[in-house]
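There are 2 protein chains.
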Amino acid sequence: MVSTIELSKRQEQIVQIVKDNGPITGEAIADRLSLTRATLRPDLAILTMAGYLEARPRVGYFYTGKTGQQLLADKIKKIKVMDHQSIPVVVNESLSVYDAIVTMFLEDVGTLFVVDKSSLLVGVLSRKDLLRASLGNQDLKSIPVTIIMTRMPNITMCEKDDLLLEVAHKLIDKQIDALPVVKHSERGIEVIGRITKTNMTKALVALAGDEIL
Amino acid sequence: MVSTIELSKRQEQIVQIVKDNGPITGEAIADRLSLTRATLRPDLAILTMAGYLEARPRVGYFYTGKTGQQLLADKIKKIKVMDHQSIPVVVNESLSVYDAIVTMFLEDVGTLFVVDKSSLLVGVLSRKDLLRASLGNQDLKSIPVTIIMTRMPNITMCEKDDLLLEVAHKLIDKQIDALPVVKHSERGIEVIGRITKTNMTKALVALAGDEIL
Numbered sequence: 001m002v003s004t005i006e007l008s009k010r011q012e013q014i015v016q017i018v019k020d021n022g023p024i025t026g027e028a029i030a031d032r033l034s035l036t037r038a039t040l041r042p043d044l045a046i047l048t049m050a051g052y053l054e055a056r057p058r059v060g061y062f063y064t065g066k067t068g069q070q071l072l073a074d075k076i077k078k079i080k081v082m083d084h085q086s087i088p089v090v091v092n093e094s095l096s097v098y099d100a101i102v103t104m105f106l107e108d109v110g111t112l113f114v115v116d117k118s119s120l121l122v123g124v125l126s127r128k129d130l131l132r133a134s135l136g137n138q139d140l141k142s143i144p145v146t147i148i149m150t151r152m153p154n155i156t157m158c159e160k161d162d163l164l165l166e167v168a169h170k171l172i173d174k175q176i177d178a179l180p181v182v183k184h185s186e187r188g189i190e191v192i193g194r195i196t197k198t199n200m201t202k203a204l205v206a207l208a209g210d211e212i213l
Numbered sequence: 001m002v003s004t005i006e007l008s009k010r011q012e013q014i015v016q017i018v019k020d021n022g023p024i025t026g027e028a029i030a031d032r033l034s035l036t037r038a039t040l041r042p043d044l045a046i047l048t049m050a051g052y053l054e055a056r057p058r059v060g061y062f063y064t065g066k067t068g069q070q071l072l073a074d075k076i077k078k079i080k081v082m083d084h085q086s087i088p089v090v091v092n093e094s095l096s097v098y099d100a101i102v103t104m105f106l107e108d109v110g111t112l113f114v115v116d117k118s119s120l121l122v123g124v125l126s127r128k129d130l131l132r133a134s135l136g137n138q139d140l141k142s143i144p145v146t147i148i149m150t151r152m153p154n155i156t157m158c159e160k161d162d163l164l165l166e167v168a169h170k171l172i173d174k175q176i177d178a179l180p181v182v183k184h185s186e187r188g189i190e191v192i193g194r195i196t197k198t199n200m201t202k203a204l205v206a207l208a209g210d211e212i213l
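Going line by line, the protein sequences match chains A and W.
Residue numbers 1 to 213, in UniProt numbering, belong to the letters of the first sequence in order.
Residue numbers 1 to 213, in UniProt numbering, belong to the letters of the second sequence in order.
Calculated directly from the structure, the hints in this document are not laboratory data.
Keep in mind that a hint or two might mislead.
You can't tell identical chains apart in this list, so a pair holds if it fits in one copy or across any two.
[To be verified] Taking lysine to any residue pairs in the SDA-like style, the calculated list, with each CA pair at most 25 angstroms apart, reads:
{"#": "1", "residue 1": "LYS80", "residue 2": "LEU120"}
{"#": "2", "residue 1": "LYS202", "residue 2": "ASN154"}
{"#": "3", "residue 1": "LYS174", "residue 2": "ARG151"}
{"#": "4", "residue 1": "LYS160", "residue 2": "LEU120"}
{"#": "5", "residue 1": "LYS78", "residue 2": "GLN13"}
{"#": "6", "residue 1": "LYS183", "residue 2": "GLY209"}
Because the structure is a prediction, the values reported are computed rather than measured.
So here's chain A without its partners, still in its complex pose (with noise of 0.2 angstroms):
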């Protein structure tokens, strides 16, 4: 079981004095709160237990430098990619920009991957690339989607193993929607998954609970 707790106003106190001047004896803590030592005895307990403090026999408590957000971190820092991603959508290196664009609608999908003959990527298809390939002057119909399409080597992609806030990071940096989620074979690259936007605010609602509000 893992839970949160709120410091109050004095454990807060606490952090700081410890933060200052530790090592510092519960006693000297006490003594700058103007307190007993009984007083402090369960705060001590529950900063220590909290991660934030460590006591060390006849030396007394020093900082950790682990902050409470540090310690909720490291509940997100354990989700995976697999938890949360969907299924991907992906088209042939033939295909039109036109036939794209219509099965990206069809699909209700943000992004698709292209893949060649053995199913094997070969791109990545946005909305902003296909938004872009319009406003061209050309037939829509007539172009391949290989000559918009990111190719490889510059797909960012990842792994069900990955963690999810790496892709995180990777999709707010490059400024992309969504990333394949690949396994690595002889063969080439095969695309297993599709990482999005969406499934990082569903990873939100799901750390809140899945309750209705």
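Here the structure of chain A is known, so what remains is to put chain W in place on it, guided by the hints.
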């Protein structure tokens, strides 16, 4: 400061005892564990602070029914839209679809808000709307955005004091990428922000603590 703590084996036993027998005194809990009341004091303090147990004078400890998951959820449920909203990009209702697509690329956003001459919200344009328009065989430069935008009263909106989680639910349920953050006044609806699935992804990263992985 908010922190997460992992309950010890003994603390889990205490929760179980209170769950099965509460209300129960500290003395009675100690008896069942063959420990002294004094030994249990820090554990009971932690369980009470963490919200698992509630102590009522002269009656004993109650189980609150809150799990670690629920308590973590409490933290996420406190996040407001204003904690994560972005600056909105607005366009005039007289703009052409072509220029709207160009604006989307120049401003690097996925959603534009359409305003009238008084700067009041009249519509929303998503990449999906613009992409759909590009499938038609029309000249994108001659179609005004008002023809293809989502208009009032079909616009899903939110306010800066709304809970981020409520917005996350709306984005998922309505399958949209962004909502305008609005302010209602006598004049009408003013757009003051933008909240997107990118913001949700950033919120997830922020909860995990902004560290480089």
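Evaluation of the provided hints:
{"no.": "1", "hint": "LYS80 / LEU120", "verdict": "within (24 angstroms within a copy, 43 angstroms between copies)"}
{"no.": "2", "hint": "LYS202 / ASN154", "verdict": "between (27 angstroms within a copy, 23 angstroms between copies)"}
{"no.": "3", "hint": "LYS174 / ARG151", "verdict": "within (15 angstroms within a copy, 31 angstroms between copies)"}
{"no.": "4", "hint": "LYS160 / LEU120", "verdict": "within (17 angstroms within a copy, 45 angstroms between copies)"}
{"no.": "5", "hint": "LYS78 / GLN13", "verdict": "between (30 angstroms within a copy, 24 angstroms between copies)"}
{"no.": "6", "hint": "LYS183 / GLY209", "verdict": "neither (31 angstroms within a copy, 29 angstroms between copies)"}
Checked against the numbered hints given earlier, the structure breaks only hint 6 and satisfies all the rest.
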